[in-house]
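So the protein sequences, as listed, match chains L and S.
In terms of our numbering, the first sequence opens at residue 1 and continues consecutively.
In terms of our numbering, the second sequence opens at residue 1 and continues consecutively.
Honestly, the hints are just simulated from the structure, not real lab data.
There could be a bad hint or two in this list.
Unchecked claim - Below are the DSBU-like pairs computed for lysine-lysine, each with C-alpha atoms no more than 35 Å apart in a straight line:
hint	chain 1	residue 1	chain 2	residue 2
1	L	LYS227	L	LYS148
2	L	LYS170	S	LYS309
3	S	LYS352	L	LYS248
4	L	LYS144	S	LYS219
5	S	LYS87	S	LYS309
6	L	LYS144	S	LYS371
7	S	LYS330	L	LYS170
8	S	LYS84	L	LYS148
9	S	LYS7	L	LYS144
10	L	LYS148	L	LYS223
11	S	LYS330	L	LYS11
12	L	LYS144	L	LYS227
13	L	LYS227	L	LYS61
14	S	LYS352	L	LYS8
15	L	LYS248	S	LYS194
16	S	LYS352	L	LYS144
17	L	LYS103	S	LYS309
18	L	LYS61	S	LYS84
19	S	LYS84	L	LYS11
20	L	LYS223	S	LYS309
21	S	LYS309	L	LYS248
22	L	LYS103	S	LYS352
23	L	LYS148	S	LYS194
24	L	LYS248	S	LYS330
25	S	LYS194	L	LYS103
26	S	LYS330	L	LYS103
27	L	LYS148	S	LYS87
28	S	LYS84	L	LYS144
29	S	LYS352	L	LYS148
What the hints assert, rightly or not - Cβ pair distances, simulated, as ranges:
hint	chain 1	residue 1	chain 2	residue 2	range
30	S	TRP278	L	ARG141	29 to 35 Å
31	L	THR37	S	LYS481	39 to 45 Å
32	L	SER31	S	GLU508	36 to 42 Å
Positions of the beta carbon are idealized from the N, C-alpha and C atoms, including for glycine.
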Amino acid sequence: MKVVLTTKPRKNPRIPVEAELLIPESFLDPSGAEELTVWEGNRERGLSDLFDIHVEGGAEKAEEVQLVVRGDTGTLKRVGERMTGGRILIEGDIGMHCGNLMKGGTIEIAGNADAWLGREMLGGEIRCRGNANHYLASGYRGEKFGMKGGVVEVFGNAGDYTAEYLSGGKVIVHGNAGDLPGIEMAAGTLVIMGDCRRACGNMTGGEVYIHGTVHQMLPTFRKVGEKVMGEPPAPYSIFTGDIANRGKGTIFIRNYQYLL
Amino acid sequence: MAELLVKNACVIDPLQGIEGDIMDIAIRDGRIVESVRNGAEVIDAQGFLTMPGGIDSHTHICGTKVNFGRYMSPEDMRAGRTVKRGKMHATSGYSVPTTYGNSYRYSVMGYTTVLEGAMAPLEARHTHEEFSATPLQDTMANTLFDGNWPVMEAVKEGDLKRVAAIVAWILEAVKGFAIKLTNPGGTEAWGWGKNVECIRDTVPYFGVTPAEIILSLVKANEMLRLPHSVHLHCNRLGIPGNYSCTIGTFDLIPDLNRNRQSLYATHVQFHSYGGSSWPDINSKAEPVAYAVNRKPQIVIDMGQMMFGKTTTMTADGPMEFNLYRLYHNKWSNHDVELETTSGIIPVLYRRKNLVNCVMWSIGLELALLVKNPWQCLLSTDNPNGAPFVKYPEIIALLMSRPYREKEFATLHPHTGSRVLLPSIDRELDWNEIAVMTRAGQSRALGIDRIGKGHLRAGAEADIAIYPLRIGDTDPSREYEKVIGAFRKTMWTIKRGRVVARDGEILVEGKNATIWVRPTVPEPYRMEQDPDFVRNFERYYTVRMSNYPVQHHYIPRNICIETEAVL
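Using the sequences and the hints, build the whole thing.
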């Protein structure tokens, strides 16, 4: 089954749309799509008021649904929230909280993602071809656990607080990450191909690979060895910490630089 | 003229001495009157239990601290969600719900007046703003003076009149209701990374002791003729062996007022621990209750702890730090300039935990061992001991020994050797419960004079009608029925209007804030005192002219004016 949603022109396109119903499960009942509603600001709208809906075929399970979202999608929030299966393809940018609490399935984003992509994710895969904003694959403010499972891959850069409170799963950033990636992380794997700043503060467990330079490296990590790894092979420093938090996390770093 | 007649109500009104008489209550324009004309709207109470609206004399529902509790606990905000329905706003949260959540849940339980237990004067605006979004209860705010620099300086100089004058200026400026002391002296010591052990320790720099602060403010309170007494959270909260500090504090207090107590000691459950460390903690409710029994000048509230998740929040910063070291969970800590501190951590009270089981027993023991119910009021120090939605269960526990035994059987097996609850036979009656949930509060807060907590002609028409006939109910055996009835009123009437009916909120509502304005003689006006003004401008981050809360923050209010005798 393939569902294509194309945004219609809106009177005020900057008002965010709370679109937590844009998940494969919502389209299993073919007549149900007409009755779905989303909130545009403080107004409740029918899905067909905001989108042209085009449906091909049918599906028994979420896994058989492919949902394509097209057009001016940068203000859509919470797309893919709690989804359990199937595939969502976003052809442009996506708004905040995409894929939060998702359990399974795949979200592909062709453009950039706003903050909180894959927040508190439990399983499944998210791939973002552009950049991701702050709090990529993180926990929610005040929560003690972040992403617990699944894979998030960003091909561009990521913002600050990437993989904050990471508690499982794998996060890969192909570009640079911002300030404080892996802060408070407890388990799971974080890979940053580029540079970042002040990595892994208060980390208690898990593994982090940073293939670029860590600026303002925190002094509360103890260097425990070196290893040649990567492609092409290069020497990496191995750190453990965060000692200030009696942490037992491990960081593999290509280059690092303390705050002078 | 809006008129309402409540017919066939089985009234319990301790302040009037009515114990279960069937009578009619006439209401006109929000007040109780002798009679109304034919044609008034009629509610047939069918002999159901009818009491004045409930009053909570110590709860934390509005202000910066509560709001930070919401902010740091998304897991709490994810519980207890209700959607917008009719006149009801959407709500969320369990132990620290949204303001509307608090207001609706209190109203459904028949509560019409609440007192916010701790408002930092500097942050009063936030409290008043949240009060105006707590529409179904009249509200008051205890104002914190525990670590107030000018007050401590005046105490050091032994100038009681100046203490009173400073209190008067601040209370009027922040639209507060009463003097609250939270770990007096200890909150200032916390600014130095320290705490005070008990009432005889000195506060760093200021060189005063908690005993001096408490006694000075108790006396100043009477000089200002405030409606309520000093509202004290004793030193050493939550530390095994603290009962002796609590009793020592009670021994300080002279009997200064004929109409009410001279000291209101709050959440005394947290202050009645024996032993020397957590492993040997035991209940010292008996000596504490004995001290209360022979001192009519003291009123306490239980601060009952109930099992489950909640959030602890208090101005007692050092105590919260100790808790944080026990739990290693989230912790918030805050310093309020010249005034006080605060701390917040979420907790889970468990039946498997011996300390928690002892705490649970102590609260009940206090309520059962204090002979006069006017001296021990029902509270959980919401949300510190438990969210206030647990009140019906506490009422049932106090009224039913079998229910206590049933609950006790589920506790940690060693609890029995640490507490005396199993040996207490007392079961409270309906009248005593009415005292502990409304009449006692009304008298202790001194708001019986403005028509709260009773149904005399002229009183505010705040009435709760519970779906229970006291004649057909044996609370000892039918405790489930008691819990069910106190959870949900049939009608809650606020200011002469039905605001809640069978758990549904019917109106938007609008609160009134009760505050005091003590008038002091000309030489004691602090805004003209050069020392006070200079230090204010020097140490605060706000200008003195920006400090007072403007009147538009309390659009509907009841001002209690007093004439100070200095």
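Each hint tested on the structure:
| no. | hint | verdict |
| --- | --- | --- |
| 1 | L:LYS227 <-> L:LYS148 | 28 Å, holds |
| 2 | L:LYS170 <-> S:LYS309 | 32 Å, holds |
| 3 | S:LYS352 <-> L:LYS248 | 30 Å, holds |
| 4 | L:LYS144 <-> S:LYS219 | 47 Å, violated |
| 5 | S:LYS87 <-> S:LYS309 | 29 Å, holds |
| 6 | L:LYS144 <-> S:LYS371 | 45 Å, violated |
| 7 | S:LYS330 <-> L:LYS170 | 25 Å, holds |
| 8 | S:LYS84 <-> L:LYS148 | 32 Å, holds |
| 9 | S:LYS7 <-> L:LYS144 | 54 Å, violated |
| 10 | L:LYS148 <-> L:LYS223 | 27 Å, holds |
| 11 | S:LYS330 <-> L:LYS11 | 44 Å, violated |
| 12 | L:LYS144 <-> L:LYS227 | 32 Å, holds |
| 13 | L:LYS227 <-> L:LYS61 | 47 Å, violated |
| 14 | S:LYS352 <-> L:LYS8 | 58 Å, violated |
| 15 | L:LYS248 <-> S:LYS194 | 32 Å, holds |
| 16 | S:LYS352 <-> L:LYS144 | 23 Å, holds |
| 17 | L:LYS103 <-> S:LYS309 | 27 Å, holds |
| 18 | L:LYS61 <-> S:LYS84 | 32 Å, holds |
| 19 | S:LYS84 <-> L:LYS11 | 27 Å, holds |
| 20 | L:LYS223 <-> S:LYS309 | 41 Å, violated |
| 21 | S:LYS309 <-> L:LYS248 | 30 Å, holds |
| 22 | L:LYS103 <-> S:LYS352 | 33 Å, holds |
| 23 | L:LYS148 <-> S:LYS194 | 39 Å, violated |
| 24 | L:LYS248 <-> S:LYS330 | 20 Å, holds |
| 25 | S:LYS194 <-> L:LYS103 | 47 Å, violated |
| 26 | S:LYS330 <-> L:LYS103 | 26 Å, holds |
| 27 | L:LYS148 <-> S:LYS87 | 39 Å, violated |
| 28 | S:LYS84 <-> L:LYS144 | 29 Å, holds |
| 29 | S:LYS352 <-> L:LYS148 | 29 Å, holds |
| 30 | S:TRP278 <-> L:ARG141: 29 to 35 Å | 32 Å, holds |
| 31 | L:THR37 <-> S:LYS481: 39 to 45 Å | 42 Å, holds |
| 32 | L:SER31 <-> S:GLU508: 36 to 42 Å | 38 Å, holds |
Checked against the numbered hints listed earlier, the structure breaks hints 4, 6, 9, 11, 13, 14, 20, 23, 25, 27; every other hint is satisfied.
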